[in-house]
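Order-wise, the sequence lines are chains B and G.
Numbering (UniProt numbering) for the first sequence: 1 to 371.
Numbering (UniProt numbering) for the second sequence: 1 to 302.
These aren't lab readings, by the way, just hints derived from the structure by calculation.
Honestly, I wouldn't trust all of these hints.
[Stated by the list, open to error] Here are the simulated lysine-lysine pairs, DSSO-like style, with alpha carbons at most 27 Å apart:
#: 1; chain 1: G; residue 1: LYS21; chain 2: B; residue 2: LYS134
#: 2; chain 1: B; residue 1: LYS109; chain 2: G; residue 2: LYS202
#: 3; chain 1: B; residue 1: LYS75; chain 2: G; residue 2: LYS123
#: 4; chain 1: G; residue 1: LYS202; chain 2: B; residue 2: LYS75
#: 5; chain 1: B; residue 1: LYS282; chain 2: B; residue 2: LYS221
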Amino acid sequence: MGSVSFQHVKKQYATERRYSVDDFHLQVEDGEFLVLVGPSGCGKSTLLRMLAGLEDISEGEIYIGDRMVNYVSSKDRNIAMVFQNYALYPHMSVFENIAFGLRLRKLPKHELQERVTRAAKVLEIEALLDKLPKHMSGGQRQRVALGRAIVREPEVFLMDEPLSNLDAKLRVQMREEITKLHRKLQTTMIYVTHDQIEAMTMGTRIVVMRSGIIQQVGTPKEIYQSPKNMFVAGFIGTPPMNFIHGTIQHTSDGVFFDTRRYRLLIPAKKAKVLIDQRYHDKRIVLGVRAEKIACKDSVDWSLTQSQFDSTVDMLEFMGSDTYLHLNNTDHSLIVRVDPLRLGFQEGDTVTVGFDMNNVHFFDPGTEELLC
Amino acid sequence: MKTLQMMTRRSGVSLARAWRKAKAVDWFQRITFLGLLLLAVFMALPIIFIFNHAFKPINELFLYPPRFIVQEPTLENFRDLFLKTQSLVIPFTRYLFNSLLTTSLTMIGVIGVSSMAAYAFSKHVFPGSKFFFALTIFALMFAPEAVAIPRYLVIANIGIMNTYFAHIIPLIAAPTSVFLMKQFVDQIPNELMEAARIDGAKEWLIFFRIVMPVCTPAIATVAILTFQGAWSQTETSNLYIQVESMKTLPYYVMTLTNGLANNVVGQGIAAAVGLIMFVPNLIIFLVSQRRVLATMAHSGIK
Numbered sequence: 001m002g003s004v005s006f007q008h009v010k011k012q013y014a015t016e017r018r019y020s021v022d023d024f025h026l027q028v029e030d031g032e033f034l035v036l037v038g039p040s041g042c043g044k045s046t047l048l049r050m051l052a053g054l055e056d057i058s059e060g061e062i063y064i065g066d067r068m069v070n071y072v073s074s075k076d077r078n079i080a081m082v083f084q085n086y087a088l089y090p091h092m093s094v095f096e097n098i099a100f101g102l103r104l105r106k107l108p109k110h111e112l113q114e115r116v117t118r119a120a121k122v123l124e125i126e127a128l129l130d131k132l133p134k135h136m137s138g139g140q141r142q143r144v145a146l147g148r149a150i151v152r153e154p155e156v157f158l159m160d161e162p163l164s165n166l167d168a169k170l171r172v173q174m175r176e177e178i179t180k181l182h183r184k185l186q187t188t189m190i191y192v193t194h195d196q197i198e199a200m201t202m203g204t205r206i207v208v209m210r211s212g213i214i215q216q217v218g219t220p221k222e223i224y225q226s227p228k229n230m231f232v233a234g235f236i237g238t239p240p241m242n243f244i245h246g247t248i249q250h251t252s253d254g255v256f257f258d259t260r261r262y263r264l265l266i267p268a269k270k271a272k273v274l275i276d277q278r279y280h281d282k283r284i285v286l287g288v289r290a291e292k293i294a295c296k297d298s299v300d301w302s303l304t305q306s307q308f309d310s311t312v313d314m315l316e317f318m319g320s321d322t323y324l325h326l327n328n329t330d331h332s333l334i335v336r337v338d339p340l341r342l343g344f345q346e347g348d349t350v351t352v353g354f355d356m357n358n359v360h361f362f363d364p365g366t367e368e369l370l371c
Numbered sequence: 001m002k003t004l005q006m007m008t009r010r011s012g013v014s015l016a017r018a019w020r021k022a023k024a025v026d027w028f029q030r031i032t033f034l035g036l037l038l039l040a041v042f043m044a045l046p047i048i049f050i051f052n053h054a055f056k057p058i059n060e061l062f063l064y065p066p067r068f069i070v071q072e073p074t075l076e077n078f079r080d081l082f083l084k085t086q087s088l089v090i091p092f093t094r095y096l097f098n099s100l101l102t103t104s105l106t107m108i109g110v111i112g113v114s115s116m117a118a119y120a121f122s123k124h125v126f127p128g129s130k131f132f133f134a135l136t137i138f139a140l141m142f143a144p145e146a147v148a149i150p151r152y153l154v155i156a157n158i159g160i161m162n163t164y165f166a167h168i169i170p171l172i173a174a175p176t177s178v179f180l181m182k183q184f185v186d187q188i189p190n191e192l193m194e195a196a197r198i199d200g201a202k203e204w205l206i207f208f209r210i211v212m213p214v215c216t217p218a219i220a221t222v223a224i225l226t227f228q229g230a231w232s233q234t235e236t237s238n239l240y241i242q243v244e245s246m247k248t249l250p251y252y253v254m255t256l257t258n259g260l261a262n263n264v265v266g267q268g269i270a271a272a273v274g275l276i277m278f279v280p281n282l283i284i285f286l287v288s289q290r291r292v293l294a295t296m297a298h299s300g301i302k
């Protein structure tokens, strides 16, 4: 029904030499909330527009349900799209905006009335039906844009950064409402965003893209906990993952990750993988999340295996957390600490340790995950 | 007594506030304001004169020194215009009808052709689109006099001399209007059309239901410009029409003011016709100016 299948889809614009979308191959199941995330210019919007029929497909095939839609016009694809700037018809009332698509399908009047009212009820915009878009706030307009999409009862919803024009507080609220809407409607949604928080909180599955190429597909948890490469690791998560360059040293005491300032013992399981892959004495990148580094005397301290001293460069107070920016001469580290337990000052020296079972090793050349 | 005191105090306060506000305006602004005010009065004088002149009785029309404001207003001039000219070979109303018909058809034609061309140039890519738009811009540079002869030949050869088409068709190709409309259509976000396309609208429907309504301010502007141009032009009557009954009102006015320069009776009729020529311009402007000022284009968009 509402499944979408991308078969080696490529897009190349006439004016550009490289592919904007390169060999995109993915199966989206019916009822899934798929989030395409990546920095601007990564091809995620282009992909969505190809699915909507607003852009030609250079190579490959797109299926909605069992139907190949490459040459089907937008209106016959049974999709609905929500745009970043809402794209409400400025001269029409909210009712007319929502009803426009239904009118064009020549729906009987009573049914049209009923469906618009029902959509308005779901989105709590019944009171706005007579208003013009210019007399509404950003959040209200966004709701109307959603209403215009859901009233059509499409097989697939497409959303192109629908929340990026809203202010921070409203964005959180609408995020929640779209998630609830998806739960209620159980319709396939494909959602494009550059905001990794939206991706993490809303998606049942996330596709991370860069330069038109899929970097990783997985649930938010998978992507966060086991990123496939340094790009995904750095892009997903706030603050971004810490990367430390060093070498692997195999001594009689064990296998160590060695920077010029400190040595960290690598747990046996990871050490075996690295040695098996012949990384002894080679350059390597260690990736560690801010919450997998602990300061001495903190609750998580018992989990850490190797410790070293560092100085506090800057403090970022976030309310529930404090981020310590530590200066290690050749690199800096961001550490999350509990602000209530530990009081730090800029310039303090702290002893920190890594939870070595939860660090990642990347090849500095290919940037791929090793273990 | 108390209230009076309060009132004087309050008015004193508001006066003081007005004075402070006035002091905040710098000298440059004050001088500019004064200059613009004088200019506005200067520009308004002919309009006042046209209105007053049409209602002056014959003795006032020839008053020396001439006065702006009518002393004893009368409708005599209009009566002369409508009644006396009816007995002539071609009555005044025939010219008026010709003018109204050709001007309104020209307006509809220009708006239709310009907006469609503008939409095509702005939102579609078709073979030669850039070339044709460049050609339109190029056409802006021609003085109408330069193309008078070739245009005459075209009109003569397609056989529309002495028809209403000869009044309308030469004016329909309006590069200025196309350019103006295109600039406006350019500002309409593509998403609006894409949303309509996904909603199931075909090209014509998008044009009529989305693009045209959003472009009302631009259409109003084009309507004003076209009306003013078409309503007052005499070239088509001069060049392509030899049959008197097919000529337009401005041509008639021209013959009145030229031919009857020394005719005492004609002066009153000329004054009345002058007002009739002017009033539609004013009406069109007053009707459309609100639309021109209304900026609807981006209200659905953040």
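Violating hint indices (sorted, rising): Numbers 1 and 5 - these are the hints that the structure violates, sorted from lowest upward.
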